[in-house]
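Hey, can you work out the whole structure from these sequences and the hints?
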Amino acid sequence: GAGVSQSPRYKVAKRGQDVALRCDPISGHVSLFWYQQALGQGPEFLTYFQNEAQLDKSGLPSDRFFAERPEGSVSTLKIQRTQQEDSAVYLCASSLRGAPSYEQYFGPGTRLTVT
Amino acid sequence: GDSVTQMEGPVTLSEEAFLTINCTYTATGYPSLFWYVQYPGEGLQLLLKATKADDKGSNKGFEATYRKETTSFHLEKGSVQVSDSAVYFCALVNQAGTALIFGKGTTLSVSS
Numbered sequence: 001g002a003g004v005s006q007s008p009r010y011k012v013a014k015r016g017q018d019v020a021l022r023c024d025p026i027s028g029h030v031s032l033f034w035y036q037q038a039l040g041q042g043p044e045f046l047t048y049f050q051n052e053a054q055l056d057k058s059g060l061p062s063d064r065f066f067a068e069r070p071e072g073s074v075s076t077l078k079i080q081r082t083q084q085e086d087s088a089v090y091l092c093a094s095s096l097r098g099a100p101s102y103e104q105y106f107g108p109g110t111r112l113t114v115t
Numbered sequence: 001g002d003s004v005t006q007m008e009g010p011v012t013l014s015e016e017a018f019l020t021i022n023c024t025y026t027a028t029g030y031p032s033l034f035w036y037v038q039y040p041g042e043g044l045q046l047l048l049k050a051t052k053a054d055d056k057g058s059n060k061g062f063e064a065t066y067r068k069e070t071t072s073f074h075l076e077k078g079s080v081q082v083s084d085s086a087v088y089f090c091a092l093v094n095q096a097g098t099a100l101i102f103g104k105g106t107t108l109s110v111s112s
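In order, the protein sequences belong to chains B and A. The opening position of the first sequence corresponds to residue 1 in this note's numbering, with each subsequent residue numbered one higher. The opening position of the second sequence corresponds to residue 1 in this note's numbering, with each subsequent residue numbered one higher.
There are no misleading hints in this set.
To give an idea of the interface, some chain A residues facing chain B are shown, with a C-beta separation under 7 Å as derived from the structure:
1) Gly-43
2) Leu-44
3) Leu-46
4) Phe-89
5) Ala-99
6) Phe-102
7) Gly-103
8) Lys-104
9) Gly-105
Treat the hints as calculated values from the structure; they're not laboratory data. Where is the CB? At the ideal position from N, CA and C, for every residue including glycine.
Set out below in structure tokens:
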């Protein structure tokens, strides 16, 4: 079956622009996670959804970052007024059950470059 | 807070050599531990995991044992192949149980 998909795969934004990154999880997966991966680093947690409920957003770096999953499937990560330090790969992952100890399936990521 | 420390790479080996990638962690309690792998041009995928102390995770010839005494989860493989060339990430579940905390990753390059 289809895996986790993300779009766009690449995004170039000028500093100050708003961007929206989309994640389509595996159908039926309850949990959805967003991570940020800077060059040469491991992924860092941003936020976690269980169905449509955002249960943890402690990793969002500022109030410019906002995520939603209104119907418990597709999720969007929005970054307002982008800054150069936002340049990174944004990874989405989904999991069948409601805890990260279950296997997380990762998408290919969206590479965001802020110029 | 919870954290993971991996040996820095790159690790360069010849085919059929023995591999060890060190991973130590700092955490409250005994979280589940994971190794994820990222092959060139592909997304992260789970390689193996261990959910409690002394558990051994294994997959594709790779093994790692959950050692609570040394807070370690070292990845080993007896005979690496060129196809094992990838970036390997050690990770644990955070204290809140809501996310994975990853190490910085170790790049493995295997030549024939």
